[in-house]
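Taken in order, these protein sequences are the chains called S and E. The first sequence: position 67 = 67 (our numbering), numbered continuously. The second sequence: position 373 = 373 (our numbering), numbered continuously.
A few of these clues could be false.
Said to hold, decoys possible - Chain E stretches covered by chain S per the calculated footprint, using a threshold of three residues with CB under 8 Å from any CB of chain S: (1) 217–224; (2) 283–291; (3) 357–364.
Stated by the list, open to error - Calculated Cβ distances over 10 Å to all of chain S for the following chain E residues: (4) 53; (5) 69; (6) 314.
Note that these hints are calculated values from the structure, not bench results. For glycine and all other residues, C-beta sits at the position ideal for the given N, C-alpha and C.
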Amino acid sequence: MPKVDPGLRQEWKDAERKQFSLVVRVTGDLDTRSETLSDLGCQVKRAFRLTNSISLRCTGATALTLTRRPWITRVERDSIVKALGS
Amino acid sequence: MSNARKLSDELLVSLGRTATDSQLPVIVRYSPDRVVMRHRGPSIRGVSESYNFRLAPLTHMHATPEAIRTLEEDPEVLRIYRDMPVRAFMDSAGPIVHAPQVLDLGWDGSGVRVAIIDTGIDTDHPDFAGRIAQTVDLVGEGPVDENGHGTHCAGIALGSGTASDGRFRGVAPGALLYSAKALHRDGQGMMSDVMAGIEWAVEQQVQVISLSLGGSGSSDGHDALSEMCDAAVESGVVVCVAAGNDGPGSFTIGAPGAARLVITVGASTDEDTVASFSSRGPTADNRVKPDVVAPGHLITATRAARTSLGMPQDGYYTECSGTSMATPLVAGLCALLLQKEPVLTPAQVKARLMSTAVDLDEHPCVQGQGRVDALKAIENTGDAPEDPGEGGSPSRGGCLVPMLGVFTRMRKK
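Taking the hints into account, I'd like the entire structure generated from these sequences.
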């Protein structure tokens with residue numbers, strides 16, 4: 001399974017200055033990884049201990065660098081979800 | 001057709017009793033030749049909340065008497081009906097799954113901790129009095145439900161029916177409510193906020209989580225939200241998730257409905273057919289989903305104060321449809337099971353519901369194992385062999401075939 005969907009990666013390339021909301025899956029200590037991501041210029045929103053993942057915002061340019069980190073195993077869009085009743 | 005015959009008898013009676021500035025719920029039938037219907041309603045003064053049905057040239061709207069007369073003059077309008085209450089209330093959805101019989105046996109979910117992760121909760125609603133254990137706001141709007149969806153779902157799962165003398169009682173009226181507000185007042189939110197709600201619920205040591213929400217597009221269950229749901233199940237929590245409202249096409253189950261370990265719930269009608277809107281499997285990686293179906297069509301349950309979601313019945317109750325409604329019904333059923341047998345694991349709860357479900361004679365990718373039955377689940381009198389049903393088995397390749405028949409099922413009023 002690729003670290004990132006090719007379509008999303010292309011969006012980052014096409015808009016390197018644009019902010020993206022993402023969820024990244026990491027290995028290792030979650031607090032350490034959160035700090036590192038902040039140092040890389042990401043705005044860390046939440047860390048999830050159940051799945052060792054972190055939600056954050058960053059530019060397309062920064063997102064492109066994230067996938068090169070070996071401790072980041074997957075990056076995906078923080079998608080919109082909706083209530084399913086009306 | 002003359003204008004006099006365009007208005008139904010019920011509407012004519014209502015018009016005579018309605019103040020000029022009040023709105024009536026009506027359904028307008030347009031000419032089949034009409035191509036562009038979108039936004040027609042709101043463009044007329046005195047019309048609001050219009051909704052265009054997809055299968056027929058019908059539009060539901062709220063309209064003042066003056067607006068109704070304007071619509072009557074429209075040559076493309078064939079008929080205007082007064083929208084009327086219909087039979088499938090929570091007081092009939094409950095009996096379909098034999099929930100009242102389980103209550104009669106003494107099981108009401110007392111003490112079982114149920115989390116609703118949604119738009120918040122009306123903490124002042126009488127049907128939840130004394131049973132809201134904890135609330136959290138994850139979107140920065142405060143825990144109050146300004147949409148109504150979360151309150152409606154909570155009422156289906158565990159409302160006491162106090163404000164309706166028990167008529168609109170939920171499935172597990174003794175259960176404790178944990179409400180996480182992860183969706184904004186517009187009914188939308190970010191996947192990560194829902195993930196935070198799930199982690200919060202697990203930290204609160206809830207036993208059941210109900211998720212009446214989802215994203216768009218088919219999923220293989222490997223997205224972050226689906227995997228968070230599976231992680232919650234692995235930590236010991238039963239997680240019920242709506243299949244989605246993108247039916248009747250196949251491959252319409254998205255995240256988190258595609259999660260492997262959750263109980264994915266489709267919607268049935270009170271005629272025990274699968275609702276046309278209920279999303280169908282298989283998942284994007286060709287696994288069979290949903291797992292079960294439950295009544296989710298025209299369900300009356302708790303209404304949050306100052307909200308207008310669905311079709312309000314009175315100040316305390318409103319009627320909604322969707323797999324959103326079917327899901328908390330199953331969550332409530334899980335609470336009943338866990339009260340009776342607290343040692344059941346999430347996999348065993350799921351297996352019990354699936355093995356005791358009533359076969360609606362539909363394909364597994366439409367109905368799962370069938371419509372849930374509370375009494376059979378409590379008494380464990382299912383005929384089918386118990387199967388953990390983790391949605392891990394490949395589809396038998398037949399999911400596409402039964403779809404043709406589904407198109408014939410029209411919304412029944």
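Status of each hint after checking the structure:
1. 217–224: Answer holds; 3 residues pass the 8 Å Cβ test.
2. 283–291: Coverage by chain S is violated for the region 283–291 of chain E (0 residues, Cβ < 8 Å).
3. 357–364: Answer violated; 0 residues pass the 8 Å Cβ test.
4. 53: holds (13 Å)
5. 69: Holds, since 28 Å exceeds 10 Å.
6. 314: holds (19 Å)
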